[in-house]
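As given, the protein sequences belong to chains P and A, one line each in that order. To convert, note that position 224 of the first sequence is 224 in our numbering; the numbers rise steadily by one, no gaps. To convert, note that position 50 of the second sequence is 50 in our numbering; the numbers rise steadily by one, no gaps.
The set of hints was computed from the structure by calculation and includes no laboratory data. What you were told as hints is all true, and nothing was included just to trick you.
Cut-off 30 Å, straight-line C-alpha distance, at most; resulting in silico cross-link-like pairs (DSBU-like, lysine-lysine): (1) P:LYS163 <-> A:LYS10; (2) A:LYS10 <-> P:LYS188; (3) P:LYS35 <-> P:LYS97; (4) P:LYS249 <-> P:LYS156; (5) P:LYS163 <-> P:LYS188; (6) P:LYS23 <-> P:LYS35; (7) P:LYS287 <-> P:LYS35; (8) A:LYS10 <-> P:LYS156; (9) P:LYS31 <-> P:LYS97.
These stretches of chain P come out as covered by chain A in the derived footprint (C-beta under 8 Å, 3 or more residues): (10) 149-162; (11) 199-206.
Derived DEER-like restraints, expressed as beta-carbon distance ranges: (12) A:ALA28 <-> P:ASN161: 25 to 35 Å; (13) A:ALA28 <-> P:GLY46: 27 to 37 Å; (14) A:GLN2 <-> P:ALA162: 14 to 24 Å; (15) A:ALA28 <-> P:LYS97: 41 to 51 Å; (16) P:VAL36 <-> A:SER44: 50 to 60 Å; (17) P:ASN161 <-> A:ALA33: 29 to 39 Å; (18) P:LYS249 <-> A:ALA31: 30 to 40 Å; (19) P:ASN252 <-> A:LEU32: 32 to 42 Å; (20) P:GLU294 <-> A:PHE38: 55 to 65 Å.
Just so it is clear, the structure is predicted and the values come from calculations on it, not from any experiment. Each residue gets a CB set at the ideal place from its N, CA and C atoms; glycine is no exception.
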Amino acid sequence: MSSAAKAIVPADLSQLNQGQLRKLELQIARKYSGKVPWGIVAWAFGNLLVWLSLWPLVIFEAIPLWLGFVLATISLSLVYLPTHDAQHYIIGRPGTKWHWLNELMGHATSWMIVLPFELLRVTHLDHHRHTNDPDLDVDITSHADGPWQAIWSAIKHRQPNAKRGDDYLASAARAGRPDLILLTIVYKLGHIGILIALAWSGYALEAFLLWWLPTQLASIYLIFFLSWAPHSPGMGTGRYRDTKNWRSKVGNILSMGMQYHIVHHLHPYIPLMDTPAAYRELRPILKAQGCRMEM
Amino acid sequence: MQFALTWVMKLLPLIFGLGFLAPVIAAAMQALALPTPFDLPPLSLGFVIGGLWGLFATITGRWL
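For reference, chain A alone in the conformation it holds in the complex (with noise of 0.2 Å):
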């Protein structure tokens, strides 16, 4: 049980990032009728965002 919430603990940013801010970001791509670069669908954009950031936040212990 420990092992297991440790383990959530030290990826929860990968988590928060994957999801959570993905489909913000893609909601706020769709609210603000913004254009997706390559034409990429706004929740594949929130992905690669939120995921590369929830990453980083995971790595470096810190979001900015």
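Only chain P is shown next, with the shape it has when bound in the complex (with noise of 0.2 Å):
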């Protein structure tokens, strides 16, 4: 525990009432928030460069192409995180001095893995507000037993009939946003327009490998770690109960920093990268409202 939540928490939280946990759960979160995340748009934007620029060096044969397949498979399934940051904000709120690079982060960076950034931002907010509610919680989908069963379910939910993309659009609607229906349609269309004319100009394999096959390893990657491993198996619903800290057996950066979901839930303007430090600060508290926790 660091020096700042020595000062602020009590050795004894048993002493204190659901009111003064709230309230110092808040203080050290408040801490945390207000900063421009500078490292998290250095990463989305150089990410974009980095997948935009194994194009031309596969193409012009700088590379091999299988290189250029690992690299973009890596390379997509680092979008969503800098997104996930945009569509809460973090850069930049409404009205505020970068909220034009907020959502310039978000849109410049979510056509990689083929979805408009405002549907993201809908639906994961009704994520946060209905998280594992059966019937309303976008990423319910995602539920399994083991892991196993997480990565099996992960495939069948990107297939056309599943679920999964019914409850996206049924959360867009439930917004009142249908708008964001016909955006998910056309940049659907867009993609596989793009892929075909790749294919049919004598760069089928270079199509397929850097952009269809990672985007789809990239999509059941992110949901196991981001939306399973925290939330699944055996998790309730309510602030306390609907995820977890959690020990991941590949580290915190290879899951994504998702170890520490728990503290995006209850306080999700804290950037991403300054969730392991606030949530050694808030241990104790989460401790004391009887939250899961592995580490």
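Please dock the two separately framed chains into a single complex, following the hints provided.
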């Protein structure tokens, strides 16, 4: 625990009531808000440049296609998290100096994984409102009893008639944003149109291995670590019950910082890169609240 | 417009199979120097596999 936490958190939390615990929790959490997380801004735009540069590098044979495929899969796996900070307006809230950058970052990168930024935002905020609700959580289809079932479920829910797609569109409709349904269709048709154009221009394998297949693999990876691992199995509903702190077998970086997902659900304005530090400070309070914690 | 979009979305797996999978299969066969059955041109084989797979996905709503 940091010295700042020692200064704030009393040694014996059992003497505090719910209101006092919540006040203390907020006091700590607020310390981590309000700063622009420049690291994730650099991550978003740097990753966009890396992925775009793979195309000429592969086409002009500066790197082999297999290496391009590996790098593209890593790159597309790294697209979502910066947009996730932007979905929560962490780079800049409406009316603030950096709001334009927040929105630019989201829109400029989400297309790489063929999803409109606004759809990601609307559905993700819905996930926060209804986490683990079997009828309303847009990510409920990622729930599974074990890791292999989770991977299979993620594959099944990428099929044309899968429930996951319907849940996302239903969420957009509930939010009064039917325009996002049309926009999602435009993204999808645009993606397939570009893939077909590339394939018939002599770049079929490049299109397949730099965009289509990496997008599928990245999506499965993201659903596994961002959705299944922190919310399933056996998690309930409610502020301190719908997600957990967990120890990943592949470490925090390879599980994309999701070991500390509980901090994100409780205080979604905290930047991703600050969630481990915030967790360490909040830990005694979360323990007092009965949260599930493995570290 | 909505009618046309609905149909395009319904037929999207078939469009994907014929428009994208077929040339990908043909390019992969050529890159790996794999022989085709009955001496079919690689693109013809791509159309057969991509078309049938796309049709299956269009009818059943799943690729796998």
